[in-house]
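Read top to bottom, the protein sequences are chains A and B. Counting with my numbering, you get residues 74 to 270 for the letters of the first sequence. Counting with my numbering, you get residues 74 to 270 for the letters of the second sequence.
Keep in mind that the hints are not guaranteed to be accurate.
Copies of the same chain look alike in the list, so a pair counts if it fits in one copy or across any two.
[Unchecked claim] Pairs of lysine-lysine, BS3-like flavour, derived with a Cα cap of 30 Å:
| no. | residue 1 | residue 2 |
| --- | --- | --- |
| 1 | K114 | K268 |
| 2 | K174 | K149 |
| 3 | K268 | K149 |
| 4 | K89 | K108 |
| 5 | K149 | K89 |
| 6 | K268 | K89 |
In case anyone wonders, no lab produced these hints; they're calculated from the structure.
Number of protein chains: 2
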Amino acid sequence: MSSTRDIDTLIEMMAKLPGLGPRSARRAVLHLIRKRDVQLKPLADAMQVVAATARECLNCGNVGTSDICDICASEKRANGEICVVEDVADLWAMERAGVFKGRYHVLGGTLSALDAIGPEDLRIPQLVNRVQAEEVREVILALNATIDGQTTAHYIADQLEGRVTLTSLAQGVPIGGELDYLDDGTITAALNARKAL
Amino acid sequence: MSSTRDIDTLIEMMAKLPGLGPRSARRAVLHLIRKRDVQLKPLADAMQVVAATARECLNCGNVGTSDICDICASEKRANGEICVVEDVADLWAMERAGVFKGRYHVLGGTLSALDAIGPEDLRIPQLVNRVQAEEVREVILALNATIDGQTTAHYIADQLEGRVTLTSLAQGVPIGGELDYLDDGTITAALNARKAL
Numbered sequence: 074m075s076s077t078r079d080i081d082t083l084i085e086m087m088a089k090l091p092g093l094g095p096r097s098a099r100r101a102v103l104h105l106i107r108k109r110d111v112q113l114k115p116l117a118d119a120m121q122v123v124a125a126t127a128r129e130c131l132n133c134g135n136v137g138t139s140d141i142c143d144i145c146a147s148e149k150r151a152n153g154e155i156c157v158v159e160d161v162a163d164l165w166a167m168e169r170a171g172v173f174k175g176r177y178h179v180l181g182g183t184l185s186a187l188d189a190i191g192p193e194d195l196r197i198p199q200l201v202n203r204v205q206a207e208e209v210r211e212v213i214l215a216l217n218a219t220i221d222g223q224t225t226a227h228y229i230a231d232q233l234e235g236r237v238t239l240t241s242l243a244q245g246v247p248i249g250g251e252l253d254y255l256d257d258g259t260i261t262a263a264l265n266a267r268k269a270l
Numbered sequence: 074m075s076s077t078r079d080i081d082t083l084i085e086m087m088a089k090l091p092g093l094g095p096r097s098a099r100r101a102v103l104h105l106i107r108k109r110d111v112q113l114k115p116l117a118d119a120m121q122v123v124a125a126t127a128r129e130c131l132n133c134g135n136v137g138t139s140d141i142c143d144i145c146a147s148e149k150r151a152n153g154e155i156c157v158v159e160d161v162a163d164l165w166a167m168e169r170a171g172v173f174k175g176r177y178h179v180l181g182g183t184l185s186a187l188d189a190i191g192p193e194d195l196r197i198p199q200l201v202n203r204v205q206a207e208e209v210r211e212v213i214l215a216l217n218a219t220i221d222g223q224t225t226a227h228y229i230a231d232q233l234e235g236r237v238t239l240t241s242l243a244q245g246v247p248i249g250g251e252l253d254y255l256d257d258g259t260i261t262a263a264l265n266a267r268k269a270l
């Protein structure tokens with residue numbers, strides 16, 4: 074590399090981001106250097122701000138810039154529903170859909186015997202506490218439809234049984250989905266959950 | 074989005090990088106927030122440093138952290154050879170190969186009638202000056218084997234004709250290449266440039 078050390082360092086750091094490798098990191102850094110006034114400086118500033126202020130919500134685990142995130146802080150979202158998600162990315166996906174009006178609880182992963190992740194490594198005890206402390210009517214388990222996700226959902230359901238209404242997202246054919254491209258499990262789930270027209 | 078504005082701003086900026094879109098930008102930012110002490114802060118610092126110091130070499134157009142890049146500043150690289158490339162990324166690719174010991178000249182693009190890019194928009198006049206000012210024996214045209222790249226190579230060859238030895242990279246079968254997967258043009262070029270064993 075003929076570029077000097079600072080540039081190499083930046084490329085190495087960018088290459089560690091998920092979705093970027095050495096080649097795309099070089100491309101991104103070159104692009105940023107070309108647009109250093111309009112993109113690189115603002116991006117560096119924005120990163121500094123987020124690095125200084127970003128934190129996890131003490132209540133739900135969402136990321137934000139205060140100890141209690143905007144959703145937990147909003148009284149409008151206190152409708153007695155808690156949506157349990159694995160990850161902040163899942164929370165963002167739910168928010169983009171814009172249909173859920175309650176609050177969230179971010180587990181921060183799934184139970185995994187192989188990776189030695191137990192309930193205390195996730196935010197499951199905090200969820201149990203919230204169900205007791207807040208006025209919660211319904212806990213919606215919006216975990217991924219994977220083995221680990223469903224195992225975690227079952228575990229949480231066991232913990233909360235009898236204390237609150239428990240629901241989970243419906244499984245079936247996604248909007249725009251074509252039967253020919255769906256796996257057997259999805260078709261089976263959709264058939265079993267069929268609805269009267 | 075439930076994330077606060079600073080985080081949204083960072084995601085929007087990251088999504089503008091080549092190779093990243095909204096989804097991968099969200100993923101990268103979440104990853105950085107999770108690792109804010111070991112990755113986000115160092116990355117922000119590295120960007121600030123590069124934003125403050127990165128500039129184009131006044132001589133060859135390479136990027137570096139001083140007005141004259143390391144290669145142009147090194148007396149060891151003054152071997153009378155100038156390798157002309159379209160882009161800094163191409164220069165980096167040549168340097169990774171580690172076989173070229175001379176200096177470079179980065180054009181910053183290719184001639185393009187459609188995009189109204191003429192010789193004065195590239196660094197072609199500077200190249201002509203360098204050939205007169207520096208003791209240059211050979212100019213190696215290492216432009217991409219595209220229509221625009223080859224057009225630009227022909228133009229430069231016209232400009233420098235008679236003043237210096239002009240060469241271009243060989244065209245042929247890439248190392249590890251399988252004939253069955255090569256296009257007709259490459260096979261034709263390789264056959265025309267065949268060598269005695």
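Just pull the numbers of the violated hints for me, sorted ascending. Structure breaks hints 1, 3, 5 and 6.
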